[in-house]
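A.B. asks: Numbering (numbering that gives the first Met the number 0), first residue to last: 0 to 133.
These are calculated hints, taken from the structure and not from any lab test.
Note that the Cβ used here is the ideal one computed from N, Cα and C, for glycine as well.
Please note that the accuracy of each hint is not assured.
[Stated by the list, open to error] Distance condition first, Cα-Cα at most 20 Å in a straight line; then the derived PhoX-like pairs of lysine-lysine:
#, residue 1, residue 2
1, LYS60, LYS5
2, LYS106, LYS118
3, LYS36, LYS17
4, LYS60, LYS33
5, LYS17, LYS33
[Claimed, not checked] With beta-carbon atoms standing in for the labels, derived distance ranges:
#, residue 1, residue 2, range
6, ALA93, ALA6, 16 to 22 Å
7, GLU116, PHE88, 30 to 36 Å
8, GLN87, SER122, 20 to 26 Å
9, ALA93, GLY62, 30 to 36 Å
10, GLU97, ARG12, 33 to 39 Å
11, GLY38, GLU97, 19 to 25 Å
12, GLY38, SER131, 19 to 25 Å
13, GLY20, GLY84, 16 to 22 Å
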Amino acid sequence: MSDWNKAIIEEFRANEGKVGGQFEHTNLLLLHTKGTKSGLERINPVAYFTDGNRYVVIASKGGADTDPDWYRNLLADSDVSVEVGTEQFPAVAAVPSEPERTTLYEKMEAINPGFSEYKHKTSRVIPVVTLSRK
0 MSDWNKAIIE EFRANEGKVG GQFEHTNLLL LHTKGTKSGL ERINPVAYFT DGNRYVVIAS
60 KGGADTDPDW YRNLLADSDV SVEVGTEQFP AVAAVPSEPE RTTLYEKMEA INPGFSEYKH
120 KTSRVIPVVT LSRK
């Protein structure tokens, strides 16, 4: 785990899911996946919004040309765990197909305009993931 993510996770847990700085006005959750190679638990802070009873996250990796590791991990094993605020619960990850993927991505862009920038930085189609409680 990077020092960057470790600091965000510590702040998240110390402040009931709230993080300051550049993430002060961003809804963050902690996504727990199982590493595809190591089998070890991996925890990543990820921006989200809710769509009905689902949590929606974007595998943007800041507009990089490769998918984030957490995305590859949940493709291999869709059983994940999610921390929101002070609550942690098991969930199932799913990757919506078009046109739902685009609709959900556009909702995130409306909430957080930085995601518009990310899609222009890369030639890949940035995946969208829904997380549903088990």
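A.B. asks: So, for every hint listed, does it hold in this structure?
C.D. replies: Hint by hint, here is what the structure shows:
Between LYS60 and LYS5 the alpha-carbon distance is near 17 Å, which keeps this suggested pair within the 20 Å criterion. For the suggested pair LYS106 and LYS118, the alpha carbons sit about 14 Å apart, so the restraint of at most 20 Å is met. At roughly 31 Å between alpha-carbon atoms, LYS36 and LYS17 are farther apart than 20 Å, so this suggested pair is violated. For the hint linking LYS60 to LYS33, the alpha-carbon distance of about 18 Å falls within 20 Å, and the restraint holds.
For the proposed pair LYS17 and LYS33, the alpha carbon gap of about 24 Å is over 20 Å, so the pair is violated. Distance hint for ALA93 and ALA6: a CB-CB separation of about 30 Å, inconsistent with the stated range 16 to 22 Å. Between GLU116 and PHE88, the C-beta spacing of about 31 Å keeps the proposed range 30 to 36 Å intact. Take GLN87 and SER122: their Cβ atoms lie about 36 Å apart, and the range 20 to 26 Å is violated.
Distance hint check for ALA93 and GLY62: the Cβ-Cβ separation is about 23 Å, which falls outside the suggested range of 30 to 36 Å. For the pair GLU97 and ARG12, the beta carbons lie near 36 Å from each other, so the given range of 33 to 39 Å is met. With their beta carbons about 32 Å apart, GLY38 and GLU97 fall outside the hinted range of 19 to 25 Å. A C-beta distance of roughly 24 Å is found between GLY38 and SER131, which places it inside the suggested range of 19 to 25 Å.
For GLY20 paired with GLY84, a C-beta distance near 18 Å keeps the hint of 16 to 22 Å intact.
When the structure is compared with the earlier hints, violations turn up for hints 3, 5, 6, 8, 9 and 11 and for no others.
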